[in-house]
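> Quick mapping for you: the protein sequence lines, in order, are chains V and C.
Note that our numbering has the first sequence beginning at 85, numbered continuously upward.
Note that our numbering has the second sequence beginning at 85, numbered continuously upward.
Do not rely on the hints blindly, as some may be mistaken.
Because identical chains share one entry, a pair is satisfied inside a single copy or across any pair of copies.
What the hints assert, rightly or not - Simulated crosslink set (SDA-like; lysine to any residue; CA at most 25 Å straight-line): (1) Lys-185 to Arg-158; (2) Lys-185 to Ser-246; (3) Lys-187 to Val-99; (4) Lys-187 to Pro-136; (5) Lys-132 to Arg-244; (6) Lys-97 to Glu-255; (7) Lys-97 to Ser-198; (8) Lys-97 to Ser-203; (9) Lys-187 to Leu-161; (10) Lys-185 to Glu-280; (11) Lys-97 to Gln-127; (12) Lys-132 to Leu-161; (13) Lys-97 to Arg-156.
FYI, nobody ran anything at the bench for these hints, they're computed from the structure.
None of these values were measured; they are calculated from a predicted model.
Number of protein chains: 2
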Amino acid sequence: MELVPLTRLLQGKRVVLASSSPRRRDILSSMGLQFEVVPSHFQESLEKARFPAPPEYARETAKLKALEVASRLRRDLHPPDVIIGADTIVAVDGVILEKPKDKDDAYRMLRRLSGQQHSVITGVAILRPLWRRQLQEPRDPEAEVELSLFHEETRVTFSRLSEPLLCEYVESGEPLDKAGAYGLQARGGALAERVEGDFFNAVGFPLNRCIRELAAIFPDVGPQVPVSQRPATPQ
Amino acid sequence: MELVPLTRLLQGKRVVLASSSPRRRDILSSMGLQFEVVPSHFQESLEKARFPAPPEYARETAKLKALEVASRLRRDLHPPDVIIGADTIVAVDGVILEKPKDKDDAYRMLRRLSGQQHSVITGVAILRPLWRRQLQEPRDPEAEVELSLFHEETRVTFSRLSEPLLCEYVESGEPLDKAGAYGLQARGGALAERVEGDFFNAVGFPLNRCIRELAAIFPDVGPQVPVSQRPATPQ
């Protein structure tokens, strides 16, 4: 399948990003996409032990973030056509690291990652509400949507980090709002010797994979379809 | 060897980046490093056929860029302590792609990369002038410097790119000032399914590797050395 422009796949659709992450917003904005940001109220509070592996946790969290936003927007005059939820975690030796609670927590996380390979995993949920067809009160929120759920994993290998580097980086404040306590696209990019996987996934949003998933969801917006034959955009 | 902060390695030194690339400048600035930008006048005009492989071409170009800047700054009252030159190329099937000449050239390059794996190679030259010891006119510019020359290679795999995507991306203007006609950190990040290697190298500057090379050049600025015992900074 050939990659088509994200703007073309989502043209004329009301797109909601159910995330407050500035990185995700920047990545989607840089593609020229028109979308709204509606941060989810869903707390990242699932019991990690009940998931067989870290990717399942990230996927479930992404899904619940998107569903929470969907439940709030379902009564809009023009409800969204697509809602995108995402959750990024860092996993090392099967242990999940989310955002650090404070600087001490950030320091501990970075010590754990020092000299090791770990995974950056983003779970993504793409919801297409079916509200136009059934408008009664939802019993099972999932029955009201078409759901594409996937995850992308990027392997990252850190250098061994010296004490001065750890302290300087934690003091910079950058780790505090980032899963695993680092941001690869900023100062944290110095820490990694090697990445393997989707480039933007390492920063919190697997853009390339997302475009491919959206192309599977909207197959009639392929590269061969002339503009004049495209389906009318929903209103 | 443990990674130490870049700012600590280069503290008190006059550092010159012999490159006008805004990406390289941003990466180094984001580390909190104080440095000057002195773009090299050296043209990227070496005969590619005389190099056994693409990395050698990138290394030689980086070296000549840095030496050209060094030759201009050697009479400064306080000459630089470190001059960093870099050259980034894209190589596919042994063929070197630099910056495209125009939009047609960009289109051709991107067509060539579509659905393929290629290499982003950055050659880096770190020069330490020895001018304080020998001030006579240089015969061999290389005899006047200590030179660390290396390259870093990141493998990038592109999706198959549709015609609309190619056209939209070329028309955005983003490809025009970038080796291989794309920028992974911006819209071009959508094109790649996978990267393998140094994260920032794929954007034009192998920061992590550079810090490790600088630590080898300045081994007395290691993590164990207390501040009070550090060598005096040159004036």
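> Take the hints in turn and mark each one as holding or not.
Hint check:
{"no.": "1", "hint": "Lys-185 to Arg-158", "verdict": "neither (33 Å within a copy, 50 Å between copies)"}
{"no.": "2", "hint": "Lys-185 to Ser-246", "verdict": "within (22 Å within a copy, 44 Å between copies)"}
{"no.": "3", "hint": "Lys-187 to Val-99", "verdict": "neither (35 Å within a copy, 31 Å between copies)"}
{"no.": "4", "hint": "Lys-187 to Pro-136", "verdict": "neither (29 Å within a copy, 50 Å between copies)"}
{"no.": "5", "hint": "Lys-132 to Arg-244", "verdict": "neither (28 Å within a copy, 37 Å between copies)"}
{"no.": "6", "hint": "Lys-97 to Glu-255", "verdict": "between (42 Å within a copy, 23 Å between copies)"}
{"no.": "7", "hint": "Lys-97 to Ser-198", "verdict": "neither (43 Å within a copy, 28 Å between copies)"}
{"no.": "8", "hint": "Lys-97 to Ser-203", "verdict": "neither (33 Å within a copy, 37 Å between copies)"}
{"no.": "9", "hint": "Lys-187 to Leu-161", "verdict": "neither (44 Å within a copy, 43 Å between copies)"}
{"no.": "10", "hint": "Lys-185 to Glu-280", "verdict": "neither (28 Å within a copy, 31 Å between copies)"}
{"no.": "11", "hint": "Lys-97 to Gln-127", "verdict": "neither (28 Å within a copy, 47 Å between copies)"}
{"no.": "12", "hint": "Lys-132 to Leu-161", "verdict": "neither (37 Å within a copy, 62 Å between copies)"}
{"no.": "13", "hint": "Lys-97 to Arg-156", "verdict": "within (18 Å within a copy, 56 Å between copies)"}
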